[in-house]
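S.K.: So you can see what is in the structure, the chains are spelled out below.
Number of protein chains: 2
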Amino acid sequence: MDSEENSCLGYDAFRRTCPSHTVLEMLASKWVYLVVCALRKGRQRNGALARKLEGITPKMLTQTLRVLERDGLVRRQVYPVIPPRVEYELTDLGQNLAGLLTQIRSWAEQHAPEIKDARARASIANEDELAA
Amino acid sequence: MDSEENSCLGYDAFRRTCPSHTVLEMLASKWVYLVVCALRKGRQRNGALARKLEGITPKMLTQTLRVLERDGLVRRQVYPVIPPRVEYELTDLGQNLAGLLTQIRSWAEQHAPEIKDARARASIANEDELAA
DNA sequence: ATATATAGGCACCTTATGGATAGTGAAGAA
DNA sequence: TTCTTCACTATCCATAAGGTGCCTATATAT
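Those protein sequences? They're chains A and B, same order as listed.
Going by my numbering, the first residue of the first sequence is number 41, and it counts up by one from there.
Going by my numbering, the first residue of the second sequence is number 41, and it counts up by one from there.
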């Protein structure tokens with residue numbers, strides 16, 4: 041039992057010391073989702089990404105791109121010109137992941153109304169409880 | 041342009057005020073991934089989940105389950121017996137999501153070695169940089 | 001009588017993260 | 001001359017994540 045889909049190759053994300061667990065931790069970020077999705081259309085400059093990702097601060101954008109670069113999902117290309125020019129693009133591994141993350145994003149967009157309703161119901165239930 | 045796959049229904053996760061953006065924020069959690077994956081096999085009790093999710097504290101488990109319940113992904117069933125008995129199971133919406141999240145988990149497990157290598161290379165590159 | 005299991009709640013604390021703000025440096029425009 | 005662009009870097013602060021310990025209440029086991 042318990043062998044259905046766990047640890048297909050000895051890796052099991054449920055174990056906190058497993059490398060796949062740290063990969064999951066890295067993926068568990070709103071900005072990782074969005075940056076990877078944004079890069080799916082091809083290489084882009086820092087400024088273009090910043091404009092696309094509404095609300096991201098330069099710090100978070102750089103930080104997120106550095107993590108993705110470190111993990112081999114994004115390639116960073118610097119042109120030594122003035123003013124500076126830097127371009128980012130997904131590696132093959134990144135492209136591979138982008139397919140999945142785009143599905144998650146689509147899911148979020150498709151089911152946002154249901155979840156909004158569920159939250160509203162929960163909030164009303166909470167008020168009733170407090171009133172009782 | 042820019043109409044390829046964005047805002048299929050007026051929802052666009054890139055906009056920070058869009059409901060789908062908050063859904064993505066909710067999904068961006070290591071424990072949400074793992075709890076949903078763990079519940080995929082059917083209804084389970086708090087204790088069983090705690091044993092399966094290595095390293096989770098009772099507080100985080102409860103907190104995560106509450107969020108999932110609020111958003112309509114998990115159903116909570118309380119049996120008024122002593123000692124207390126509570127069971128959690130995925131709703132249809134939760135089941136739907138679980139398929140995607142399980143893919144992410146599998147991806148993390150399959151590509152953990154590559155990412156581990158990429159991190160090691162990045163760390164060596166960093167040391168070289170510091171030495172130079 | 002004491003301990004355990006059960007599923008939490010509650011309060012306190014430390015650390016990590018997110019996000020805001022300001023600065024850097026060089027070129028080109030006003 | 002001051003301003004802007006570009007791609008950052010550094011610093012601070014508020015919030016959040018996460019850890020620890022103690023509390024409930026009862027049936028069962030020791």
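Treat the hints as calculated values from the structure; they're not laboratory data.
Check before you lean on any hint, since a few could be wrong.
One copy or any two copies: either way a pair holds, since identical chains are not told apart in the list.
Unchecked claim - Straight-line C-alpha distance at most 20 Å; calculated SDA-like pairs for lysine to any residue:
#1 Lys81 to Ala158
#2 Lys99 to Thr131
#3 Lys156 to Pro59
#4 Lys156 to Ala138
#5 Lys99 to Lys156
S.K.: Each hint should be assessed against the structure and marked as holding or not.
M.R.: Here is how each hint holds up against the structure:
Neither within a single protomer nor between protomers do Lys81 and Ala158 lie at most 20 Å apart by alpha-carbon distance, with minima of 33 Å and 23 Å respectively. For the homomeric pair Lys99 and Thr131, neither the shortest alpha-carbon distance inside one copy (22 Å) nor that between copies (38 Å) is at most 20 Å. For the identical chains of this complex, Lys156 and Pro59 are inter-copy neighbours only, at 7 Å across copies versus 35 Å inside a copy, given an alpha-carbon limit of 20 Å. In this assembly of identical chains, Lys156 and Ala138 lie within 20 Å of each other by CA distance solely across copies; the values are 19 Å between and 26 Å within a copy.
Taking the shortest alpha-carbon separations for Lys99 and Lys156, neither the intra-copy value of 30 Å nor the inter-copy value of 25 Å comes in at or below 20 Å.
The structure shown violates the earlier hints numbered 1, 2, 5.
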